[in-house]
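Reconstruct the complex from the two isolated chains, following the hints.
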Amino acid sequence: MTAPAPQEKDSTAMASEKEAGKAAGPRIGVFVCHCGSNIAGVVDCTKVREAAGQLPGVIVAKENKYTCSDLGQEEIIKAIKENGLERVVVASCSPRLHEPTFRKCIQQAGLNPYLLQMVNIREQCSWVHSLEKDKATEKAKDLVRMGVSKAAKLQPLEAREVPVEPASLVVGGGVAGIQAALDLAQMGFKVYLVESKPSIGGKMAQLDKTFPTGDCAICILAPKMVELSRNSNITLLSYSEVEEVKGYIGNYEVKVRRKARYVHEEKCVGCGLCADACPVKVDNEFDLGFGQRKAIYIPFPQAVPLKYAIDKENCLHFKTGKCLLCVKACTNEAVDHSLQDEILSIKVGTIIVATGYDTYTPKKNGVYRYWEYDNVITGLELERLVNASGPTGGHLIRPSDGQPPKRVAFVQCVGSRNKKIGNNYCSRVCCMYAIKNAQIIKEHAPETEITVYYNDIRAFGKGFEELYHRIREDYFVEFIRGRPAKLSQDPKTKSIKIRAEETLLNKITEREFDLVVLSVGLVPSEGSKKIGKILSLTTTADGFFAEAHPKLRPVDTAMDGIYLAGCAQGPKDIPDSVAQAKAAAASAAIPMSARKVTIEPLTASVNEELCQGCGLCTELCPYGAPELVQSEKGGWKARVTEALCHGCGTCAASCPQKAIVAMQFTDEQIYSELEAALPGQPKTHAKTHHGKKKAEAEVS
Amino acid sequence: MKDSGEVEKTFIGGLHEELREDKIIDEAQLDLDFPKEIRKYGGRDVMTCLQCGNCTGVCPISLKIDYKTRSIIKYCQFGLKKYTLGTRWVCATCYRCYEHCPADINPAEVMIALRHIAVREGIIPPFVRTAAMNLAKYGQSVKPDPEIDKIRKELGLPMIEAEDPEYARVVREIGVLLHATKYDKLIGIQEEVKL
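Protein sequences appear in the order of chains A and B.
Going by this note's numbering, the first sequence opens with residue 594, and the numbers climb by one from there.
Going by this note's numbering, the second sequence opens with residue 39, and the numbers climb by one from there.
Each hint should be verified, as a subset may be incorrect.
[Said to hold, decoys possible] Here are the simulated DSS-like cross-link-like pairs (lysine-lysine), alpha carbons at most 27 Å apart as the crow flies:
| # | chain 1 | residue 1 | chain 2 | residue 2 |
| --- | --- | --- | --- | --- |
| 1 | B | 102 | A | 1079 |
| 2 | A | 658 | A | 732 |
| 3 | A | 790 | A | 1175 |
| 4 | A | 1100 | B | 112 |
| 5 | A | 1013 | B | 112 |
What the hints contain is simulated information worked out from the structure, not anything from laboratory work.
Extracted from the complex, chain B is given alone in its bound form (with noise of 0.2 Å):
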């Protein structure tokens, strides 16, 4: 305590930089037409959240990393995207939070509403636009790999060639899917769809 900075953070408990930044969620943060957007989507109405976390305590993800159901519900309440955005994609669609849910939402169609939303925004993580492409090159989400194939073999699964015609028209017809729900332009992989 003997020079001034030490005494200014003692002052403050420590917190010096953070005390730089309002904390404080503004108004105009605010998005209260939002769980309309996610009713849109397919999302049940999450007005009629209680809050009741029971969701959160079955949700096997949750135990794992830092990803609470119940607040994602309670900021898509107050339309509060940004604090949604990063924890979207972890949601495994198990539907155990649908399962205990008393008031009969379903949070795993809310973070597939969510994801919607998002994607229509144009915040598409690297994961998913690679999966999408690989899905109209190889009609299949995983990228065709020699380690899977040796598994295949293991297994006694039939392997896949990419000559056979038969082949050929399911990625054919899978991009042909793709064009027409408009989903290639949506992700931006319009040039790996084949038609």
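This is chain A alone, in the form it adopts within the complex (with noise of 0.2 Å):
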């Protein structure tokens, strides 16, 4: 760091003067922050400490090169105990960022650490109007006069301590959620693992090898189910769905639908004597289609559990009444056409979300022509078509008259990097499982020739461009760089012809391909689409749940206690998602271990004597806090569960009878926020500017 560090600029001119007017309000102090040149690159922090030291209420005003660090922090204790501050007010970044460390900070000076107002003078100012510096200046000289004029109104709030269930519930069955729920369980957590389907396993038992290594996906996978379903920590329920949650942090309720499979689950001993009775054969969707199951089946050999389940669906006997041929044929009476969904109750401390994603569905009618021709299928079919154990015995085929082809196409970035669609995205893992996929066809059939038509390759984890090299290298796959333009079939053969700009070449070629391949990207699944409505969280704009923060809170969720692993997150590879899931099981077991949590008291609360009952508040409130509950005296009143309430301030801001008070937001500190933000104006009367208020507040 060359630049020196800015002097300790004291007011203490100003404050001698200052003493004997302002005994009446609490004691201010403002440290301003220069963020390095994040903020004093662009605002005069020099004149916004001025003007702080001139404001009422206030007397110490400072500024740091960086507040936050070690000598910023000590110089707000020093100066909390030297002139006994009763209020510290901190310009500098969001809230979001540095709330926690300078509460912390005051604290320790034994300061009430809701005591403390930060204004954001970087975000807000800095960084947004950073051509127009005389303007920031202003806007942040305002901004520290309202933070300080609100400081004046700061009350000392309490934290409270909540009880922390020593249970999780995982949902989703990939292995993300497998990973996420072994490690909690061997931490010695009661584990209940939510899987959908009949078995568990995800995309990743659906894969043929896994890129760079080439280990076989399921070979690595089966070992972890088999020991998940052995765990006594671990309750796996599959063919099952979160149906309801509620609660918070350490005390969550959920309700599991635990679908009829019509197989005892006890019972089952995944013979298989009763798939090899039942005369129904439908598509088997494990294999996209391309295989054949049995109405009465599981999914794939290596399933787990390894219980049978009926597709009600496609049964004969919830078709006709009749059949029960599979209810013959089980020796140990496990088949039960009547059996029931259940309903089953838990009670879980935390959550993890891994409910993965579902490969992009090519559209109709689009250029890929992948619904009306035979030879486009995307990679994921692939995948099935080349799988040892798929529905080919993997031998690679072409579904039009399933002779091997001679000539295979990969097209990158379907889905994926398209604005068009809305999928802005790198889906990160086809430009990999499109080579490793090349590769398995050259391995098998070593005379096939393969193009891979790509926009730019992205081999950036370990060992990748490696495996890039290699395949180039030793296989002799031809890359070219274009988009394809056109894609026409021969009426006869089935062969696909390419037409495309090879970009580098500069110049159009048509090519003939016997089979196409659409690498097709990343999209959030439906299940993550329901499990996000119930748990009330938040996606980014490509429709993955968000983190709390995108580098130092990656698994956490905005909700307390909720955590993320894997896909659901964001498309990633098996590598990235299984260390999610270890971060994720590790995230869930702090507040586990701790057996309690503490929760902000930034809460709603209700004046009783005021309220009448509308429930208005419980109809607006995203978190279900509030609730209306019998008064003693007879009655309505709304009550407010405070681990719920994350202090939005909705239900204060809509509350006709003004009952409702938002803990560091109420009416009082905002109007004193309002007034500071207009000098000169008239004061303003919340009981004379209903509408007007309500809108102020949302501002603010």
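This is the structure:
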């Protein structure tokens, strides 16, 4: 660091004259942060500090290069002790980042942590007004004046502690969910793993080999699945869905629908006699329609739990009332068509969401003609076609005539990096899975010609670039940089002609292929959308779940006690999913190990004398915190469950009786801010400006 | 390989003439503000182009002549105007490139923006000026022609009568518009415009 640290500029000159006139209000200290040049490069921090020093109640005004640093925090503590400060205003970055830091800091100096007011002069001044330095400085002064005015009205608050149930719910039984459940169980916590399909395993179970090392996916996954089913700390709820979640961190009450398998799980030994007897054959969704299964089935041989399930839509008995061949075939009396869905209630302290992804489905009438041409398939379909336990026993054939293809094309970025369909993001796995599948095809049939149509090859992971190199050096796979513009089918041979610009040649080429594989991207799964609604989780613009902080809290959500793992949070490959699952398990273990958690006191509270029990707040609250209860004197009154309340203030702003107060955002505090923002304006009065007040409260 | 000239040509791979000219694009030729200018004239941000070539592949013109939509967008990114000169008028603005562009750029409108810029810099191909003149004179970009009249007759369409006062009024109105928008001055057809 070459720039000299700014002097600790102290407004002591003013201090003495202030002492006299300001005994009435609380003693306030203002700390203006340079944030290196992040703020000071635009905002004139010295002017802001000088202006702050003139404000009523301000005893100390200082500026600092990095207020959040050890040195900066030391200075706040010192200033509090030396000047007997009662309120602290820090003008720096967003409270999202450092409010907890400074709360701890003033607590160390003996102040109640909630007597802190943050003023955001970085995101709201220097960053957005970087071209208008003077105006940014004026705005910073205004914001500091508002903050000081509000600080004078702050009240001390006390945080509360609630107990945490040492049990966790893991939603989704793919590799991420499996890993998170195993880790938590091994730490000694009770785990409920809910999976909507009859078997756990997720998408990884469908894959053939994994990049870049070429391990067989199911061979490395199956042992984990078995380990999970044998762990006594884990209750595996397969063929089940989360119906309802109530409560808050440490105390979630969950209702799980156990869909009827029509097979007693405890009696079924997985022998398969029932399936042998079943006369109904349908497409197996696990093989994406290429293979078949019976109406009583396990999705794949390594299924966990190895318990059969009846597909009610296709079962002859449910259609005609007859058949029952499976019942006769079962030697253990496990098949029972009279079973019903069950609702299971469980109590958990934390929830891990690992609901994974779906592959992008190419559009009908789209350029790639996926729905019209048999020989245009997706990457996941290819995985089943080259999989040794797949419908073809691992022999790649083209769907139109069952012949092995001589020329195969891969088309990259289908459903990814495309603004037209709204998927702007890179799906991160398609480059590598296409390269990996090209290798598999070449190993099976070395004479196959393979061409990859790509935009950019993103071989960013460990061992990825080496595989990309190997595929060209050893397997002579051809790479064409260009996005196919037109696919057309030869009506006789069913071969596909691709027209594309080979951008590096600056020429338009037309090539014919026997099989075209679309490297489809990853999109949020249907299951994610469902659970997202139930848990009120937020998503980023791409539709995947939003983490609490993209760098520093990558597995947490905005909801305390709910964590993310795997592709539900964004596209990622298997190692990244496993790593995130382990991180989510470790994060969930923090409150469960402590057995208690601190709840922020920034909640809404109801003045029961004013409340008329209209129930508007119960309808508007996004977290279900207020509820109507019968009061002792008769009549209904709203009551807020503090642990559920996030302090958003929706109820307080909407209450027609003004019976609800949002802590640290009380009417008095907001009005004091507004009055500071608009000096010289006549005083606004809450009671005469209902509509206006509401609007202003929302703005603030 | 007997005389020395033969030897020299062989030595440089027969590229004797070409080697005299420097093929390096000098930094001075670049105009990195050009994308902003294109945006000013209605072309969307060319900087987001992924260079995937989808636009070229779907372009009906690209199939017939040496015109690569993608390349033109690339030249625009660097502000290499001279490479876009000869090609910008061939675009038929069918918008297929826009329909397929994954980056949501509208190459057809970039071409239109390029035409705007070219005209303002005085680079106007003769056929454009002719069409503008026709517009000023006859109210349509195609000059009236006995051949066309014949076809109109065959198709049962009404004849265009130059003496028709309604027709003359329309031509005058077009002239007023061309003048008011300073289009006549821009193209250099002030004399043709009747007010």
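Each hint, compared with the structure:
At roughly 16 Å between alpha-carbon atoms, residue 102 of chain B and residue 1079 of chain A fall within 27 Å of each other, so this suggested pair holds. At roughly 20 Å between alpha-carbon atoms, residue 658 of chain A and residue 732 of chain A fall within 27 Å of each other, so this suggested pair holds. Between residue 790 of chain A and residue 1175 of chain A, the direct Cα distance comes to roughly 23 Å. Compliance with the 27 Å bound is thereby established for this hinted pair. For the proposed pair residue 1100 of chain A and residue 112 of chain B, the alpha carbon gap of about 15 Å is at most 27 Å, so the pair holds.
Our distance criterion of 27 Å between C-alpha atoms is met by residue 1013 of chain A and residue 112 of chain B, whose separation comes to about 20 Å.
Of the numbered hints given earlier, the model fails none.
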